[in-house]
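A.B. asks: Keeping the supplied structure of chain P fixed, place chain C upon it in accordance with the hints.
Residue-level listing of the chains:
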Amino acid sequence: MSIDHRLPAEYEELRRTVEQFAHDVVAPKIGDFYERHEFPYEIVREMGRMGLFGLPFPESYGGMGGDYFALCLALEELARVDSSVAITLEAGVSLGAMPIFRFGTEEQKREWLPRLCAGELLGAFGLTEPECGSDAGGTRTTARLDEATNEWVINGTKCFITNSGTDITGLVTVTAVTGRKEDGRPEISAIIVPSGTPGFTVAAPYSKVGWNASDTRELSFADVRVPAANLVGERGRGYAQFLRILDEGRIAIAALGTGLAQGCVDESVEYAKTRQAFGKPIGANQAIQFKLADMEMRAHTSRLAWRDAAARLISGEPFKKEAALAKLYSSESAVTNAREATQIHGGYGFMNEYPVARFWRDSKILEIGEGTSEVQRMLIARELGVTA
Amino acid sequence: MSLRIVVCVKYVPDATGDRHFAEDLTTDRDAVDGLLSELDEYAVEQALQIADAADDAEITVLTVGPEDAKDALRKALSMGADKGVHVEDDDLHGTDVVGTSLVLAKAVEHVGYDLVLCGMASTDGTMGVLPAILAERLGVPQVTLLSEVAVADGTVTGRRDGDAASEQLQAQLPAVVSVTDQSGEARYPSFKGIMAAKKKPVESLDLSDLGIDADEVGLGGAWTKVEDAAKRPERTAGTIVKDEGEGGKQLAEFLVSQKFI
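Chains P and C, in that order, give the protein sequences.
Counted from 1, the first sequence has number 247 at position 247 by full-length UniProt numbering; the numbering is strictly sequential.
Counted from 1, the second sequence has number 182 at position 182 by full-length UniProt numbering; the numbering is strictly sequential.
In short, the hints are calculated from the structure, not lab data.
Treat the numbers as computed from the prediction; the structure is a model and nothing was measured.
Treat the hints with caution; some may be incorrect.
Straight-line C-alpha distance at most 20 Å; calculated SDA-like pairs for lysine to any residue [to be verified]:
no. : chain 1 : residue 1 : chain 2 : residue 2
1   : P       : Lys364    : P       : Val375
2   : C       : Lys192    : P       : Tyr61
3   : C       : Lys225    : C       : Thr16
4   : C       : Lys70     : C       : Lys106
5   : C       : Lys200    : P       : Glu59
6   : C       : Lys192    : P       : Ile314
7   : C       : Lys70     : P       : Pro8
8   : P       : Lys273    : C       : Thr16
9   : C       : Lys70     : C       : Leu210
10  : C       : Lys198    : P       : Pro58
11  : P       : Lys280    : C       : Thr236
Sample of chain C residues lacking proximity to chain P, with all beta carbon distances greater than 10 Å (derived) [what the hints assert, rightly or not]:
no. : residue
12  : Asp28
13  : Asp56
14  : Glu67
15  : Asp153
16  : Leu169
17  : Arg187
18  : Pro189
19  : Met195
The beta-carbon is built from N, C-alpha and C at its ideal position, and this holds for glycine as well.
Bound-form chain P, shown alone (with noise of 0.2 Å):
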């Protein structure tokens, strides 16, 4: 008997076509894009052409028929190269397609997952809020069901949404109070708001450290009326739903860590390779021999990490627990190894032309973003049956 180590053919395959396809259509663009703080449409029309958005979903909602593994494999070859295109593509997927995947009516998945799968249009999720990230239970955006004309009357502001205000986003789907349960606490459902309906508004893009040629906006309701059947999944299982959309979302981060380290692995062996001091290529040293090796070591095992939780996730097994490892991991590794990269760049890895720069920029984020790692923190505690 044997283990294999190995991917199945056709995932290998597939990792193979976006490594080439980040390569050879995302390297030689992106730079320039990051640069001018624009978004990358035809970048990611060429991603949308090639099936990236519709991976895990079913080929009758237009979808690719392939899995959540398939598509964090996508997502570390993107952020092997780019992580702006990554996150576009994860946002769009695992936070903007997926809830109405996993939660939708069937009308609600007719109406959009095509479009969505196709890449023609991007989803949002609006989940963070001001003065509620981490603590996603103290959402304070509200919707109140109008009786009247059976409608939801949003109010409220949501922070760092991603993909939320580009020419092809479609819709957001918001998270707010729609009342409150018997114990008291807040009663959290999740409804679609279709882009350009009056009342809501997309504020300018932030200002970011990086991932600068993504889209994050401010978004904010004001009396904002969606039909009641906008509603997406149960009334009050809102939370419950938005849990399961993170779990998931938390291996794709790790994907899209472990391709930023692998990245920085990349560019920094070429550059120890050919940059010569001293006499000899720096990469004769100890010093950065080391450097390199411990590298590596990250990138490796953050990747085994979150192939590990995404196995776990489609095969129907547990992955809680492992999927924060992985993005806690992979998200320290990416930091850890985007500094060390820099530093074997010296003042050219302090250049905004190089990859290794953008890396050093886009990596800090992934501590932050999904859950923060003292979040994961926790979690892992809390598997472990240690909990406050």
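C.D. replies: Structure of chain C alone, referenced to chain P:
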């Protein structure tokens, strides 16, 4: 009636790898990973576009090569071609373009065709003459090196861009067409395409299936032979010309010595 398109593709050593000759001075296929020739991807792409525009079309991808050459077929099938034909025979080792064109001609006739599409050249041998020889063997028109191609009403039309002029060409089907790297970027296979390719049929043929004698092909049947091959010399450090009043002259002298001017 369905438009029958056959795309001839070649499995080549990855041009970005460190390519070598084997001891018998044929391509060392073990030294580097192989793949579907990038120049043939353009032919597959044009076939897919022609098929999309047609009411009914079937695309067969055809390759002659060792066992691993199936990978090139799989890639083309994952891009969207319908079926594959793989001609493999130990006696094919060392076959040159003349022999390959014979095998392809027999295989194309075996499949049945209205349109044969080829890339402009292979990325390993880079001879670029195969489409012409193939058309000659099949006795059909050849319309080569097109940067734009379309099929309608039993006619293929296209544009060939030369240094001095662009020609509009046309031929009645059946015909052999080759397309250049200016004909439009090849699509990336989708995951759906990759999954579907696993289930698409690939027919395996050997020389006897095609009625070809072993002595017409292989090293023995080849019209050309590599007599000798030497590794390209390592790149040297180069010459630095310091301008101390005579820089331009020294530069010119250097270029003359290298026969550039």
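A.B. asks: Quick one: which hint numbers does this structure break? Sort them smallest to largest.
C.D. replies: The structure conflicts with hints 3, 17, 18, 19, although it agrees with all the remaining ones.
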